[in-house]
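Q: Model the full assembly from the supplied sequences, consistent with the hints where possible.
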Amino acid sequence: AQSVAQPEDQVNVAEGNPLTVKCTYSVSGNPYLFWYVQYPNRGLQFLLKYITGDNLVKGSYGFEAEFNKSQTSFHLKKPSALVSDSALYFCAVRDAAAGNTPLVFGKGTRLSVIA
Amino acid sequence: ETGVTQTPRHLVMGMTNKKSLKCEQHLGHNAMYWYKQSAKKPLELMFVYSLEERVENNSVPSRFSPECPNSSHLFLHLHTLQPEDSALYLCASSLGGGAGVYNEQFFGPGTRLTVL
Numbered sequence: 002a003q004s005v006a007q008p009e010d011q012v013n014v015a016e017g018n019p020l021t022v023k024c025t026y027s028v029s030g031n032p033y034l035f036w037y038v039q040y041p042n043r044g045l046q047f048l049l050k051y052i053t054g055d056n057l058v059k060g061s062y063g064f065e066a067e068f069n070k071s072q073t074s075f076h077l078k079k080p081s082a083l084v085s086d087s088a089l090y091f092c093a094v095r096d097a098a099a100g101n102t103p104l105v106f107g108k109g110t111r112l113s114v115i116a
Numbered sequence: 047e048t049g050v051t052q053t054p055r056h057l058v059m060g061m062t063n064k065k066s067l068k069c070e071q072h073l074g075h076n077a078m079y080w081y082k083q084s085a086k087k088p089l090e091l092m093f094v095y096s097l098e099e100r101v102e103n104n105s106v107p108s109r110f111s112p113e114c115p116n117s118s119h120l121f122l123h124l125h126t127l128q129p130e131d132s133a134l135y136l137c138a139s140s141l142g143g144g145a146g147v148y149n150e151q152f153f154g155p156g157t158r159l160t161v162l
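Protein chains in written order, with this note's numbering: chain H, 2 to 116; chain B, 47 to 162.
Since the hints were made in silico from the structure, they are not lab data.
Note that the structure is a prediction, hence the values are computed from the model and not measured.
Beta carbons are placed, not taken as given, at the ideal position from N, Cα and C, and that holds for glycine.
Treat the hints loosely; a few may be bogus.
[To be verified] Have a look at the derived ranges for each label pair, beta carbon to beta carbon:
1. H:Ser85 <-> B:Arg109: 34 to 44 Å
2. B:Thr62 <-> H:Pro19: 44 to 54 Å
3. H:Glu16 <-> B:Thr126: 47 to 57 Å
A: In structure tokens:
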């Protein structure tokens, strides 16, 4: 079975400070990992993904995420937060060896960037 | 936005009404999805179509009936819904839906459904 956990419902950060949104996963094989962002009254937008290769993945809007296999984590980071980054962030995972299974999403973390 | 459109954006219906949600993707994808997003709950996958065949049905009540006439269009037919069905319904598409697929899903803006 595959699962993903986002341990924080809410993250608050001051504008200009670095931000981290946490994600841990559980799969039997190798993971495919994704981050999505949802702005109010919008659908989810793809930010970045890890498939294989470099553990540090760079994505849209200056976001990046680091794959850590030993800690089964894929935390989302940004060096300097903007007020416009305030949104709901979802981590998702698929087990690469699990057959025809869809993505499993975390429950989401609400990021609030304060000016 | 992302090449996935949904209509209507907002829908209010009574419990005895019949309505349909429409999703269209312009990305050349061959897999389409319906999700339900309720407040305080994780995103719930409802249905998956791959190459126009339904490959996933997550114990969704029969009052929700999907239809995928071709790889670009997806419908969700609604009949005798309950107030607890009020939610944001999201459509998504991706290239490929089978084993080992690592392609991201592209989401539409959603239909905000209110059942009175």
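Q: Which of the stated hints cannot be reconciled with the structure, identified by number in ascending sequence?
A: none
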